[in-house]
Amino acid sequence: MKIIRLVPLASALAVTLALPALAEVRIGVLIPDSGPAGLFGPSSRQAAQLAAEDINAAGGINGEPVTLVFGDVGVPPAQAVQTAQRLWRGEGVQGFVGMHDSAVRAALIGQFRGQVPYVYSGVYEGGECAPGTWLTAETPAQQLAPTIPWLAENHGASRWYLIGNDYNWPRDTNDAARPVIAEAGGEIVGEEYVPLGTSDYDASLQRIRASGADAVLVTLVGGDSVAFNIGFGAFGLDGQALRLGTLIEENTLAGIGAAGANRLFAAMGFFASIESEAAQAFAARHAQTFGAEAAQLNGMGQSVYDGLMLLSALGNAAGSMDASAIAQSGDGTAFSSPRGEAVLEGNHVAQTIYLAEGTGGAFSVVASFDSVPHGVTCE
Amino acid sequence: METALLIGLNAAWQIAALALLALGLAIVFGLLRILNMAHGEFVMLGAYSHVLTAQMGLPPVMALVVCLGFVGLAALLVERLVVRHLYDRMFDSLLATWALSILMREAVELVWGRSFRNVPLPIEGVTQIGSTGYPTYRLLVIALIVGFFVLLWLWYRRSLTGVRLRAMVSNPSLARTAGINTARLSAMAFVTGCLCAGLAGLVLAPVLAIEPNMGLDALIRSFFALVVGGLGTLEGLGIGVAVVGGLQAGLSAAVSQTAGYLGVLVLAIIFLWRRPDGLYRRR
Numbered sequence: 001m002k003i004i005r006l007v008p009l010a011s012a013l014a015v016t017l018a019l020p021a022l023a024e025v026r027i028g029v030l031i032p033d034s035g036p037a038g039l040f041g042p043s044s045r046q047a048a049q050l051a052a053e054d055i056n057a058a059g060g061i062n063g064e065p066v067t068l069v070f071g072d073v074g075v076p077p078a079q080a081v082q083t084a085q086r087l088w089r090g091e092g093v094q095g096f097v098g099m100h101d102s103a104v105r106a107a108l109i110g111q112f113r114g115q116v117p118y119v120y121s122g123v124y125e126g127g128e129c130a131p132g133t134w135l136t137a138e139t140p141a142q143q144l145a146p147t148i149p150w151l152a153e154n155h156g157a158s159r160w161y162l163i164g165n166d167y168n169w170p171r172d173t174n175d176a177a178r179p180v181i182a183e184a185g186g187e188i189v190g191e192e193y194v195p196l197g198t199s200d201y202d203a204s205l206q207r208i209r210a211s212g213a214d215a216v217l218v219t220l221v222g223g224d225s226v227a228f229n230i231g232f233g234a235f236g237l238d239g240q241a242l243r244l245g246t247l248i249e250e251n252t253l254a255g256i257g258a259a260g261a262n263r264l265f266a267a268m269g270f271f272a273s274i275e276s277e278a279a280q281a282f283a284a285r286h287a288q289t290f291g292a293e294a295a296q297l298n299g300m301g302q303s304v305y306d307g308l309m310l311l312s313a314l315g316n317a318a319g320s321m322d323a324s325a326i327a328q329s330g331d332g333t334a335f336s337s338p339r340g341e342a343v344l345e346g347n348h349v350a351q352t353i354y355l356a357e358g359t360g361g362a363f364s365v366v367a368s369f370d371s372v373p374h375g376v377t378c379e
Numbered sequence: 001m002e003t004a005l006l007i008g009l010n011a012a013w014q015i016a017a018l019a020l021l022a023l024g025l026a027i028v029f030g031l032l033r034i035l036n037m038a039h040g041e042f043v044m045l046g047a048y049s050h051v052l053t054a055q056m057g058l059p060p061v062m063a064l065v066v067c068l069g070f071v072g073l074a075a076l077l078v079e080r081l082v083v084r085h086l087y088d089r090m091f092d093s094l095l096a097t098w099a100l101s102i103l104m105r106e107a108v109e110l111v112w113g114r115s116f117r118n119v120p121l122p123i124e125g126v127t128q129i130g131s132t133g134y135p136t137y138r139l140l141v142i143a144l145i146v147g148f149f150v151l152l153w154l155w156y157r158r159s160l161t162g163v164r165l166r167a168m169v170s171n172p173s174l175a176r177t178a179g180i181n182t183a184r185l186s187a188m189a190f191v192t193g194c195l196c197a198g199l200a201g202l203v204l205a206p207v208l209a210i211e212p213n214m215g216l217d218a219l220i221r222s223f224f225a226l227v228v229g230g231l232g233t234l235e236g237l238g239i240g241v242a243v244v245g246g247l248q249a250g251l252s253a254a255v256s257q258t259a260g261y262l263g264v265l266v267l268a269i270i271f272l273w274r275r276p277d278g279l280y281r282r283r
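Line by line, the protein sequences are chains A and B. Each residue of the first sequence is one higher than the last, beginning at 1 in my numbering. Each residue of the second sequence is one higher than the last, beginning at 1 in my numbering.
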């Protein structure tokens with residue numbers, strides 16, 4: 001008897017437990033909590049939380065609320081794959097948004113094989129065409145095509161020196177820069193790659209001085225960028241040449257400091273100081289929501305917001321989170337974010353790019369370019 | 001001519017900065033036979049002294065006092081809690097200080113976060129030497145380091161403490177029998193070594209990227225210099241930093257940064273393999 005009485009209770013319990021699992025869309029958010037990019041962990045997480053709030057306030061994905069499940073991918077690719085696998089197979093995640101390095105992206109794509117929708121959001125070298133993968137990430141073409149001509153016109157930048165860390169992102173960025181510089185009537189007077197982790201740039205600075213460059217394209221990352229730019233300022237090279245960086249965000253600028261930031265420009269899809277209504281509202285809400293815990297807003301962390309917005313828009317357009325259904329209906333999907341309006345063309349987005357100047361130690365946006373094409377052609 | 005002068009100045013800067021960075025490691029190894037893997041983290045604490053000073057609302061010049069207090073206290077704690085129990089156990093002390101370095105990085109990250117910090121140059125601008133401009137702060141630091149090393153060498157050769165230290169190094173038990181308090185002397189040597197690391201961090205902070213993981217670079221560069229020069233003497237330190245700093249600056253200027261880095265690595269490997277005592281041998 002007792003067992004029979006327990007049956008309705010048990011089934012009621014089962015239904016309550018199962019209901020949220022049925023009526024929610026679980027999204028895996030893959031961001032670095034550890035490793036060299038761990039700096040962007042807190043800001044990425046907070047941007048994701050704000051995006052989830054906004055998606056749910058607008059009715060979720062196909063009427064079902066979104067729940068985020070975070071995974072740390074600031075680890076070697078093999079480990080990152082295990083983390084993603086656990087979220088996908090173990091926790092029933094139906095779509096992924098990732099902000100991490102390209103080695104991890106390649107490993108994840110090998111794991112997902114187009115079976116689960118995956119949006120990548122961090123600045124990268126361009127060229128990703130894997131099925132089931134969509135990107136809100138700024139490509140080098142987007143960051144450079146509008147800004148190099150602008151710097152030529154407004155600041156007379158024509159003799160470019162290219163310096164970057166020695167791996168594919170800086171090299172691909174410089175490959176994208178070559179035709180843009182030529183088109184703008186400029187020339188390349190030097191090109192140099194240094195090992196990751198280089199802390200002393202005296203020799204490079206001397207070469208830049210000798211080259212007579214009036215502009216330097218900086219594709220150094222993290223602490224390398226900080227050390228280079230401090231040295232650049234200390235040697236007084238800021239009088240000779242302006243600098244343009246495609247991965248200099250607010251944290252890097254804080255490390256460089258005011259003395260090293262004179263005539264230092266950065267091109268990205270987001271800065272904390274964008275003056276549009278949407279960006280200001282986002283910054284205010286971020287500060288209010290997280291209070292003392294609020295991480296420094298920056299383009300890398302904030303990109304996760306855009307990634308989630310695209311994934312949500314794709315799911316709504318397709319009527320499901322099925323990767324092949326999304327592939328059918330994806331092209332032309334539009335969404336808005338603190339960055340502005342973005343439209344999916346192929347598997348990348350056309351989006352607004354901002355050029356900010358760091359003189360004085362804080363970024364102020366000096367130019368913005370709407371609907372910049374991404375320049376990636378896939379077969 | 002101008003280029004040669006610039007290369008010379010850059011080499012002088014490299015060598016001076018490296019000497020200051022490596023001194024603490026050399027002191028601790030030379031006197032105590034402990035390879036302090038947390039050396040870089042004491043450099044990091046020295047750099048963060050600027051941050052601490054600003055947080056305490058003190059003027060920037062007080063950073064020196066804050067650094068001595070902050071780093072000295074940390075070193076004393078480490079000596080009492082960890083290092084004291086590991087004298088004469090070289091491998092154990094290596095592992096223990098490696099663990100300690102991880103702990104210190106995490107602690108600093110917990111307190112100050114991972115973001116980069118900037119310490120403004122105390123003296124901005126460049127000094128013209130002929131037609132070559134060189135950052136004034138660097139010239140000042142080079143001069144300071146040279147002066148500091150001359151004084152240190154004189155003190156080590158001439159003072160009573162120097163004699164006791166040398167006695168302790170060459171024969172610890174005989175030194176104890178002769179009434180030298182080697183426990184206190186050892187503690188003092190360790191704290192002094194760490195303070196040197198802290199001072200290096202304090203002085204070099206305005207030219208470095210300051211973040212919790214910055215210590216590793218300092219440790220590796222110091223280690224290379226000591227491997228080449230010979231572990232454990234001031235003279236060896238001098239030779240080591242001159243060779244390593246000069247080679248890196250020279251190759252970087254003449255070929256590329258990659259060549260400079262590669263050159264130092266190859267040199268360190270050759271020395272570890274063929275000549276583990278370094279260029280300067282104890283007589």
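It is possible that some hints are incorrect.
In silico negatives: residues of chain B with every beta carbon more than 10 Å from chain A [unchecked claim]: (1) Val-119; (2) Pro-120; (3) Ala-143; (4) Ile-210.
To spell it out: a stretch of chain B is covered by chain A in this simulated footprint if at least three of its residues, at any positions, have a beta carbon under 8 Å from a beta carbon of chain A; those stretches are [unchecked claim]: (5) 19–31; (6) 132–140; (7) 171–181; (8) 191–199.
Hints were generated in silico from the structure; no laboratory data involved. All C-beta atoms, glycine included, are put in the ideal place defined by N, C-alpha and C.
Verification of the supplied hints:
no.	hint	in the structure
1	Val-119	violated (8 Å)
2	Pro-120	violated (6 Å)
3	Ala-143	holds (17 Å)
4	Ile-210	violated (7 Å)
5	19–31	violated (count 0)
6	132–140	holds (count 5)
7	171–181	violated (count 0)
8	191–199	violated (count 0)
Violated hints for the displayed structure, listed by number in ascending order: 1, 2, 4, 5, 7, 8.
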